[in-house]
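Engineer: Add chain B to chain A, keeping to what the hints say.
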Amino acid sequence: MATSDKPKKFQFEAIHITVALIVLLAIIISVVTYIIQRKQQNTATSYQTSYNTKLVNDTSSPNLPSVKAYQEQINNTLQASPPILQVDNPTDQQTNAYDILAADEQLAELTQSPEGATYRMQVMQSYALPANQANGDAAACASDTCYRLDIYNFTNNQTVVAVIDLSAGQVLQLQATKTQPTLPDSLTKLAEDITNNNPAVKASLGDAFHDAVISSGMKTSLQQTVCENSKHLCVAPTYVLPKDKSALWAIVDLTDLKVVGTAWSEWTGDQPPPLTEGQLASNTVQNNICGKVLSDQRGDWQFDYTLTGSDGLEIRNVRYKGQQVIDSAKNPDWHVSYSGKDGFGYSDATGCPSFSTAAVVPSQLPSISVGQNGQVVLQVDFRSRQWPLPCNYYYQQRYEMNTDGSFRPVVASLGRGCGNDGTYRPVTRIQLPATVSDIKRNNKTLNNETWWQPTGCAENSSCSALSFNQNGTIYDVVPANGQFQDGGRGDKPYIYLSSVDSKKLEGQDDILTMGSCCNTDYHQGPEVFVNSEPLAGKPVALWYVAQLKNDDTPGGEYCWASSDIANGRYETHSYPCPSGPLLKPRGN
Amino acid sequence: MRKFLYVLGGAGAIVILYCLIQLLQHDTLAYQPQGAPNNCPRQPAYVQQAKFSQPAFDTGRRGQPGLTLIDLQNPNATPYQMPSWKKFGDLGAIARDENAYTYSVNVPSINTLNTNAENHLAILRVDPQTGEMTTWLTLKGAATSKQNYYGIMGLSYDCDNHLLYASSVAGSTPEAEKGFIAVIDVKAGKEIYRYQNIDAIGMAIYGSPHGRYLYAGLARNASVVKIKLTSNGKPFGKPEQVLQFDPLNQTRVRTMTFNSNKLTIKTTEFYYTLLASTELETAQYTYQYNANKDLFSPVRE
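So the sequence lines, in the order shown, correspond to chains A and B. Residue numbers for the first sequence follow the numbering used here, beginning at 1 and rising by one. Residue numbers for the second sequence follow the numbering used here, beginning at 1001 and rising by one.
Don't read these hints as lab results, they were simulated from the structure. Take the hints with a grain of salt, since some may be wrong.
Restraint-style ranges between C-beta atoms, simulated for each label pair [to be verified]:
| no. | chain 1 | residue 1 | chain 2 | residue 2 | range |
| --- | --- | --- | --- | --- | --- |
| 1 | B | Q1049 | A | K549 | 51 to 59 Å |
| 2 | B | V1299 | A | D207 | 44 to 52 Å |
| 3 | A | K245 | B | K1293 | 27 to 35 Å |
No residue lacks a Cβ here, since even glycine has one placed at the ideal position from N, Cα and C.
Okay, chain B solo, but in the shape it has when bound:
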């Protein structure tokens, strides 16, 4: 009996110790660095081959699956596309880093012919020297289903922490929001944190005197939420609503960009279906961030 009590007491003490360690290690909001960590991407060497005045990567060209390089100054210029850029079929979000790597993901368009069901959580990467696109990292998660063929929808690169954020809606159903935001250490090439139970598409990071946050556009309503980030770039805590940009709740954030203290969001409708993008309503909204009030005000352009 006495032995049992010693074991029970010992176990209790271990539990107390474990809990105290957990409490001491709880996540805290980072306040530095401030601003938008998106000014580091370098242009890869192969871009010169296209001889464009204002080259930009694009994945939304009708009838041309994959990644293309287009000339923003000359929309009539024939897009530049390396052979490996189309072998993964229809692509979606694009992110770039300071080492001139370009990242993208598979997203089905109109039908599933040009996408591989196994690739919905794969992050593709283009080598800055050779221009070759390969599968770089495949995240773990729910398989595609006939109800939800989508996986990774958004990418955002944090130049300060050298982290890539990937938002996924894989596994979500009408009843349950099962998406996640994965935080990837690009140097190590592995996922280091995962923020669960959120269906998000476009994302951006911004630091203000009120803290450093990941801003995420939700896939299920016309809202932008912010999620606290630790100094290591780990998202934590409950999402806090920042904006409701569309009073009729028709569109969702496709991309989100901070330029100084201006937030620009591009939106489209999204129903977890393969409706053609040409059929869907799109819009663009710009907001000015007021650091004193910690508020976003719409800017009329």
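Looking at chain A on its own, in the form it has when it is part of the complex:
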């Protein structure tokens, strides 16, 4: 038996080994195939560079001696002729070139607006014209001595290039371009002085500031940047910390002479990833409040808030002395219609600056303040980049919480829009808690969903359009009628009441564009939620659509903005049209 068993056992082991080899080979080939195929597939995930950004409200820089001295130079230059700041310590040839330019008749057109306002201008570079630029109008420079002056117009964010023939004593070329110039050393030093002395920059650098900047005299690396929102001349002194492989950016606005913001980034190579003022602002807003719910408590008020994708700033769980006043409030849409052309207008949504359906976005985080009268205000501003130029918009949201327990969601347009025949119809949604009862209009109980337009209230007086009982407190809903002394002239609102079924999408969630721009009646969007359903037992949405007609009549401007030049810079004049109902506890 033993002899006959051996071949069988041997045979079995051979199969065993063969199968094991096949399986092993299969595994190896599968892995190789997977790796090869994986190499041929795209597995890109994200190309975004992350920054830790912070917006800075710089109030200290104007007091710096270097900034004060430069500001004085600017002020003196604006009164001078020509109103162009010359380079520091000019050579004889630079002076000669400047003087020839000053005498040129064409110069006035480039230094003044059509209305006669003086632009702020400065010679950034003054140098002998390179031989390869001696062509076209400057052909004479092939034989003559010529100078090129790059003059920056801070007011209009333009560079004027002047080519001066010193031999002939004449200006050969004078051309404005939409570019930014190379900075002179004086402005580079000024930018670094501003950041080196800025408390926010110092705080961000912490010990590194003293160790590296003060002790070792660490040089900053000056990075190119732009201020695309403000259209100002900006530069970014950057503090490189090689040990940490990181760098702190500080964007300096050389038009307004202040720090705009700071950002930490990785610095692994020779050059860090670029960063602009707009990117810094967008990144700060996106990372700090989009998709996040923040909480706050001021005085007797407690609330949560978040920036939505397209419903503006939403306030939630608003409590006064611990009692719930409303569940939430937000501003889902702005409808802007122009009467000059039928059906012409826009439906704008406000919200987060990226990955959203917002058309107008904020460049600052929401702010919370407490006034002298104890009023708590949560506010955010949404602004088109080119406002107040035509067809650009500026919307403001304010939640006002008063010491008497009243609450007012305010939305305002600051113009400017596409014409003086515009009507703004902001849609505000206020969700009242499920515990609300006794909803009454003109002392009659409202049992079902409905809409109406309150009438019969004298101008500048307060009338209750609606009342409700929230945990024993009766609140009146008082439309704006010119009585709030905030510049508002009255809302002429449409009011809608709809019940909110938590299982359905009835406006609780972020709402995509909800209505046409240009309907002039109650068809503003909320009517789709009004179906005569009972109001009792569920949270109730109170929709409020104000109607605000703009006006550009001098002295009577409303929902409007304009700008003019003063002291070499554009100054904006805005005329907001605030709107929104006051929810006022009765008896207070």
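Structural biologist: Below, chain B alone, put in the same frame as chain A:
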């Protein structure tokens, strides 16, 4: 036990065979045809009705949603628009083929009123005879969301392979790049390949002695990448960076065109939002392709 070993051995052998077939079938870069396959589009018959000197299709007219025909020689001429060209609302990219079909896609502008959330992956086509615009093909993909309302952003037609390339950013989030480039056989009217995990907008195809590539402008940074193409027009392999056109990384490629060995890209800012295009920075860049060095050099115009 023995039976089990036979089954295991057999399964292993099948796996080996499958893997070998897969390896043998791996994609290879095409080297022909060379140049830019964009000179075939024919003009549809209905264009004559507009009586324009230099007719061109446009989808970017303010206050006029849909496709329009404009006269490049006379910008003041009233644009020509057939009724069906506006029924799909705001449109974006345009492509044309050798059979005079015109293709376009829904892209929201300022708000979502003029777009249908269901249409974000639909390719619309205009019949060359009747001028009627209809939904031709709807690609599969992620639905629109409140974070990202965009779908197909770019179209490019390959005259050599008779393929339409459509780039989509549908489903992408700040954290994850979930877009794709679909390759569509226009004759069969169906998608045949899909290149995953890329958010691209403008695209163009170009063949050089170094191979035939799909050039794509990325939606997340100011770069142009190239992706290898097989002789069947299938994109494969990792994207290779070709250009970084905007040192401040503000703009993205909206359209890209090869004319002989010159590449022209038109750019705009893009944040996956509905910011008005009038508010955004735009620019145009031109590059000369050097086939010897396989490099693009900027051309000052």
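Engineer: Against the structure shown, which of the earlier numbered hints fail to hold, in ascending order?
Structural biologist: 1
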